[in-house]
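The listed protein sequences derive, respectively, from chains W and P.
Whatever position you read off the first sequence (first residue = 1), add 33 for our numbering.
Whatever position you read off the second sequence (first residue = 1), add 695 for our numbering.
According to the in silico footprint, chain P covers these stretches of chain W (three or more CB under 8 angstroms from chain P): (1) 108-118; (2) 142-155; (3) 249-258; (4) 296-304.
Each pair of labels, with its calculated beta carbon distance range: (5) P:E825 / W:L90: 56 to 66 angstroms; (6) W:H244 / P:L944: 29 to 39 angstroms; (7) W:R88 / P:S808: 38 to 48 angstroms.
Just some of the chain P residues that point at chain W, by a computed CB distance under 10 angstroms: (8) G724; (9) G955; (10) I960; (11) G963; (12) F969.
Treat the hints as calculated values from the structure; they're not laboratory data.
Heads up, the beta-carbon is just placed ideally off N, CA and C, and yes, glycines get one too.
So the chains spell out like this:
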Amino acid sequence: MLFLDLLADGVVTGCAVGVVAVTFTMIYSTTRVFHVAHAGIYTVAGYSTWFLTTRGLPFWLAIICSIAVCAAVGALIQHQLYTRLARRDAPPLVLLIASLGALVVIQNLMAALFSPNILQIPADWRVLTVGIGSIRLSMPQILLAVSSLVIFAGLLAWSRYTSLGKRTRAVAANEFLAEITRLEPRRVYITVMAIASGVLAVPGSLTALDHGLQPYTGTLVLLTATIAMIAGGMGNLFGAFVTSVILAALQTTSTLVIPGQWSIAATFGLFVILMIVAPTGLFARRPR
Amino acid sequence: MNFFLSYLAIAEIYALASMSTNLLVGVTGIFSVSQGAIFGIGAYTVGILTLNDWASFPVAMAAALILCALTNLAVALPALRIAGDYFVVTSFGIQIAATAVFMNLTDITGGASGLAGVPPPNVFGRDLDEPGAFILLSSIVLAAAALFFWLVLRSPFGRLINAIREDELAVTAAGKSVLAAKVGVSALSGMFVGLAGGLYAGFLSFIDPGSFDIDASILLLTMIVVGGARTLAGSLIGPALLTALPQVLSVLPIPSDAAGPLRQILYGLMLIAFMLFRPQGIAGRRL
Numbered sequence: 034m035l036f037l038d039l040l041a042d043g044v045v046t047g048c049a050v051g052v053v054a055v056t057f058t059m060i061y062s063t064t065r066v067f068h069v070a071h072a073g074i075y076t077v078a079g080y081s082t083w084f085l086t087t088r089g090l091p092f093w094l095a096i097i098c099s100i101a102v103c104a105a106v107g108a109l110i111q112h113q114l115y116t117r118l119a120r121r122d123a124p125p126l127v128l129l130i131a132s133l134g135a136l137v138v139i140q141n142l143m144a145a146l147f148s149p150n151i152l153q154i155p156a157d158w159r160v161l162t163v164g165i166g167s168i169r170l171s172m173p174q175i176l177l178a179v180s181s182l183v184i185f186a187g188l189l190a191w192s193r194y195t196s197l198g199k200r201t202r203a204v205a206a207n208e209f210l211a212e213i214t215r216l217e218p219r220r221v222y223i224t225v226m227a228i229a230s231g232v233l234a235v236p237g238s239l240t241a242l243d244h245g246l247q248p249y250t251g252t253l254v255l256l257t258a259t260i261a262m263i264a265g266g267m268g269n270l271f272g273a274f275v276t277s278v279i280l281a282a283l284q285t286t287s288t289l290v291i292p293g294q295w296s297i298a299a300t301f302g303l304f305v306i307l308m309i310v311a312p313t314g315l316f317a318r319r320p321r
Numbered sequence: 696m697n698f699f700l701s702y703l704a705i706a707e708i709y710a711l712a713s714m715s716t717n718l719l720v721g722v723t724g725i726f727s728v729s730q731g732a733i734f735g736i737g738a739y740t741v742g743i744l745t746l747n748d749w750a751s752f753p754v755a756m757a758a759a760l761i762l763c764a765l766t767n768l769a770v771a772l773p774a775l776r777i778a779g780d781y782f783v784v785t786s787f788g789i790q791i792a793a794t795a796v797f798m799n800l801t802d803i804t805g806g807a808s809g810l811a812g813v814p815p816p817n818v819f820g821r822d823l824d825e826p827g828a829f830i831l832l833s834s835i836v837l838a839a840a841a842l843f844f845w846l847v848l849r850s851p852f853g854r855l856i857n858a859i860r861e862d863e864l865a866v867t868a869a870g871k872s873v874l875a876a877k878v879g880v881s882a883l884s885g886m887f888v889g890l891a892g893g894l895y896a897g898f899l900s901f902i903d904p905g906s907f908d909i910d911a912s913i914l915l916l917t918m919i920v921v922g923g924a925r926t927l928a929g930s931l932i933g934p935a936l937l938t939a940l941p942q943v944l945s946v947l948p949i950p951s952d953a954a955g956p957l958r959q960i961l962y963g964l965m966l967i968a969f970m971l972f973r974p975q976g977i978a979g980r981r982l
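Chain W with its partners taken away, still in its complex shape (with noise of 0.2 angstroms):
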């Protein structure tokens, strides 16, 4: 069944774009900064991992080095640019514009270091394919299954019974208070940052390595997670992670009827009419 196939690697690809939704609803809420540069983070696990495991890591080290590095571009940013320009009183304009530079430094880097072209992670077991009933899905597709869920349950967990979980939901609440409270909103920030940075490395590696990887792919999933980060209802993770399946699941089972190069052109328009019939999202909190 075509149809299965179709909505199986959808949903395989929602969970990937829900972590990416997810962790930037994160950083979203607590920094209140439209990370845009989220999308190069993204895009250098990718090639980290690429690049680790052409120079002979085995894969799953190469992941692990992986996250070590985006923690730390993510880190650098917040604490070199957006830090620095908050620190400023800068509007949110001016942070908006630095991220979409950082962005595009990212992306053009990868692309001047390892050549636009596509690029395939050299690792045997990606063609592997599993049968569940009719359904048959690859050994990347089920590890990025399985370990997007067990992020988006991690962060959920983390978010909300650790102190340091807690903490970062109290300066979202309230920046200011946190503030004089001694919660110390800009290292916060930070750490939100390195985590949120570091678990998308998992399915930038993962989603690499199943379809290959190219600098500016980044983008568009980057577009559908904030577009399910909108119409999932603001703030809302589990919203968020729930309409990036729903929205991935769309994408691929649509190419029955319509053909591919306009799928993310049906994608948005669909955002555009949700916009418009329910501004606040699917899975809006109503006000207590």
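Start from chain W and add chain P according to the hints.
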């Protein structure tokens, strides 16, 4: 001489586009990365209409102006319902959707290979096929547009859109309609960039989707960031410097497939550096 005139014509065209970006991003504070798409719609409208001999150049330009104003309105409307940062998403989406349209409506737009042989602008029965002749047209258009831009910024409407950037709530509280002002500035900005697009198609006689993709939008944004927001001088200096940059880079010994990414890296670094050290650009006011 022709080389210099070509550079000047391109810089003038981008100056028109920069005024459009400046109205939207600099003055009203609406972030947009879809300016390249609207620029493309202007160029394709003029290209398609004059190439197929469906309309004369002035009529095609008028059509481009109207179409770009309407498109920008359609882009802006959903974003006006939802606040601030969400416009980024709509704007990214429009840009990517527009590139898909330019690439895939092969019958009309020529697809990835683009439209070749767009006839030069024909004004008052004269073909402006030489840079020397074209520069007259583009200079006159630019001068008129610049005067208009300058007047708009000093009009009550200009003060209103400036106030929207500063504090939307205060504008609403003062009894002004934020929505109407944003709709107006979207249409106006669409017309400026449509004008630029039409001239671009007529001057280069070749257009392809690659000239109107997200990189083009980023270039247009970089121009006003470098030149400076909210001033006429800023809208002229930015394009003048940044259209010269590829010429300067082509002199350096860089392999051709690294030249594109390298240029984009420079634009990105400029965006970051100006935001960090000089948010007002060379000749603008604070963003």
